[in-house]
Amino acid sequence: MHGGSVKVLSKGGPPVITSENEAHAGSSDTSRFHRNLVIAGICLFLVFFCAVLYWRVSDYPFTRFDDRSYVYENSFVRAGLNTETIKWAFSFSEKEGTYWHPLTWLSHMLDVELWGLDAGMHHLTNLLLHIVNVLLLFFVLWKMTGALWKSAFVAALFALHPINVDTVAWIAERKNLLSTLFWMLVMLMYYYYSQRPIIVRYGVVCVLFVLGLLAKPMLVTLPFVLLLLDYWPLRRIELLSGPELGTETWWQTTARNLRNVITSPAVLEKIPLIILGFLVITAASHSLRISDAIISFKEVPLGLRIGNAFVSYVTYVIKVFWPQNYAIYYPFPKVIPLWQATVSLLFLVVVTLGVMRAFFTQRYLVVGWFWFVGTLVPVSGLMQAGLWPAMADRWAYVPLIGVFIMVAWGVPALLKKYQKRKVMLVVAASCFLIILSASSWKQLGYWRDNIILFEHTLKITENNDVARAIIGLLLMEQGDLSRAIEQFQQALKINPNYSGAYDNLGVALKKKGDLASAIEAFNRAIQADPRRVQPYNNLGVVFLGQGKNEEALRLLSRAVELNPLHGESLSNLGLAYARLGNEELAIEYFRKAIRYGPFQAKPYSNVALALIKRGDVEGAITHYRRALEIEPDLEEALSGLGVALARKGDLDGAIQTFEKVLRVNPGNSSARQNVERLRAVRDRGQ
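Residue 361 in my numbering is what sits at position 27 of the sequence shown, and the numbering runs on without skipping anything.
What the hints contain is simulated information worked out from the structure, not anything from laboratory work. Any given hint might turn out to be false.
[Said to hold, decoys possible] Think about it this way: if two alpha-carbon atoms lie no more than 27 Å apart in a straight line, the pair counts; the simulated DSSO-like pairs of lysine-lysine are:
hint, residue 1, residue 2
1, 793, 776
2, 845, 882
3, 845, 994
4, 827, 668
5, 668, 653
6, 827, 793
7, 994, 947
8, 793, 653
9, 947, 982
10, 947, 882
Given the structure is predicted, the values throughout are model-derived calculations rather than measurements.
All chains should be modelled from the sequences, with the hints used to inform the complete structure.
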């Protein structure tokens, strides 16, 4: 690899030395000790205020939205780091509700290996990554520009802005934090490469880039950001600022600039990075196609996606300067008013044209704006998968660094004519950071409780069917079935085709004893989305309870066909085969359920039941005990263990186990009779 740049020619004279270059030049006049002391002070400030702001996340629970599939109900993650789970992390299949980002999976597994399912420690890992990202951003910008205080201000905005609360407080957003860590490391190593372009440094850049892609494919835009940094502040790409007098036209100058840029080493050396990014994006897309998560243009038309993208870009900018009304989920609109899309597009065009006018004078505006616009493209919604929102605060974690750069360098330039501009800048920056910190503190408070978080989301968004459905799910888990049913019904009023809401409504109705209405809800869930597994499983369980084993077998077989790794459906399918007398197939499916859902108690209990019927008492006891390790109050496992211990001749153990059954369910008459019978047998034996 070779360094180099296109020759600089400025209309009207030699290139102007910018303030950041002056800072570098003047650094030799300042005491090295004093400079290092100032840098250490800035780093301490950033670490201290980040920690003070976010430390209370250590007391926060997992978030019901995504943390479930990423951590606490993901059997592979819960198993920690081992050969099988590492293999799963790199596989393209078996990623229901998620996608391919193997390094992120390994990070979650390492957390489980170290901390178990202590949500607070998982949160603190996120916080640590955010703090490291803040420090790296400061250090990279300072090294590249020499502008110490401007770089510090950008890092402070990044550290304290409430739009980043989403990323730090949400454990499932580990992918965002981890990928950004490698993003910053790539920029840092690229700076050193730009100072001395040797193949070893370029190789390190490539390795770090690949690691970042393996944490989250959004790094696909990083090579283009590096090109922007080549223009400013690294100045590895320089352009002719105007036609040479009397020799060529403006168009000829532009064509020469374009030709020189395309053939410059700064551009050519990005090609391998672009290819690597394309390969990883292809792999991630493949994993989404396997799970059938890609949203077609028939479901969400291209025109609606483009209109929403325009509005979202403007909304992100507004949220930078008006730090209010942040939500965990913004529902995708059914329609975008024409005036909104038009005004948003006009805003984007005006800002872009204004920035281009400053192409040769205020390069930081060009870099900052196109950093923001370009890095948001992968999440602009032109391509969609899964439960796609209109926008997401977490998506702005890296893109808004571009806007922060525009502010940090642009505002001082606007005030350069004022004599007391330093005082004005210090006061304005301090006030803005205090406002941002207060807003972040308030926003972070909503994350302390799942219901509070989603109720806040309902207050600041309209027609949010997803938030209502999740609140309903949380209420159902708390046993408040009436309010849960109300929330599901409200979600369905907003979105009559919401399969998940129908499914959860069916579960709530079943728990309330209204089986007829539950069956209707499950059938509506299947009609709304015939590809969803859970409604088939839930309806199959209802039919098992009613003794309709053939109908249950049909539904559960369909669930397993849709997802051969769905532990719950595998377990219930085994139960259906057991009811129909096919013990061999029953045990086969129970064992598959244990493999793909090793942290679910019922498959172990089901295997134990089948084993005890075959006379394998010891095997049954082992599986019952494993079930009770996972769910100590599982009544069916306690009862089955009591029977197995009695058959083994361990009367005391059987009596104690049935007594536990009575503590769990005092109304269990069978357990009470077993205790009395076993005591009588034991007394006669004595």
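Measure nothing beyond the straight line between the CA atoms of residue 827 and residue 668; if it is 27 Å or shorter, mark the hint as holding.
Within the cut-off at roughly 14 Å; holds.
Below or equal to 27 Å on CA atoms is what counts here, so check residue 845 against residue 882.
Judged against 27 Å, a Cα distance of about 19 Å means the pair holds.
Are the Cα positions of residue 947 and residue 982 separated by 27 Å at most?
holds, 14 Å
So if I understand the rule, the pair passes when the alpha-carbon distance is 27 Å or less; does residue 793 with residue 776 pass?
It holds: about 15 Å lies between the C-alpha atoms, which stays within 27 Å.
Mind checking the alpha carbons of residue 793 and residue 653 for me, to see if they're no more than 27 Å apart?
holds, 17 Å
Is residue 994 close enough to residue 947, meaning Cα to Cα at most 27 Å?
With Cα atoms ~23 Å apart, residue 994 and residue 947 stay inside 27 Å; holds.
Hint check: residue 947 vs residue 882, CA-CA at most 27 Å. Holds or violated?
Within the cut-off at roughly 22 Å; holds.
Measure nothing beyond the straight line between the CA atoms of residue 827 and residue 793; if it is 27 Å or shorter, mark the hint as holding.
holds, 17 Å
Residue 668 paired with residue 653 [C-alpha distance capped at 27 Å]
holds, 22 Å
Pair hint outcome, residue 845 versus residue 994 [Cα-Cα no greater than 27 Å]
With a Cα-Cα distance of about 24 Å, the restraint between residue 845 and residue 994 holds, given a limit of 27 Å.
Violated hints are absent here; each numbered hint is respected by the structure.
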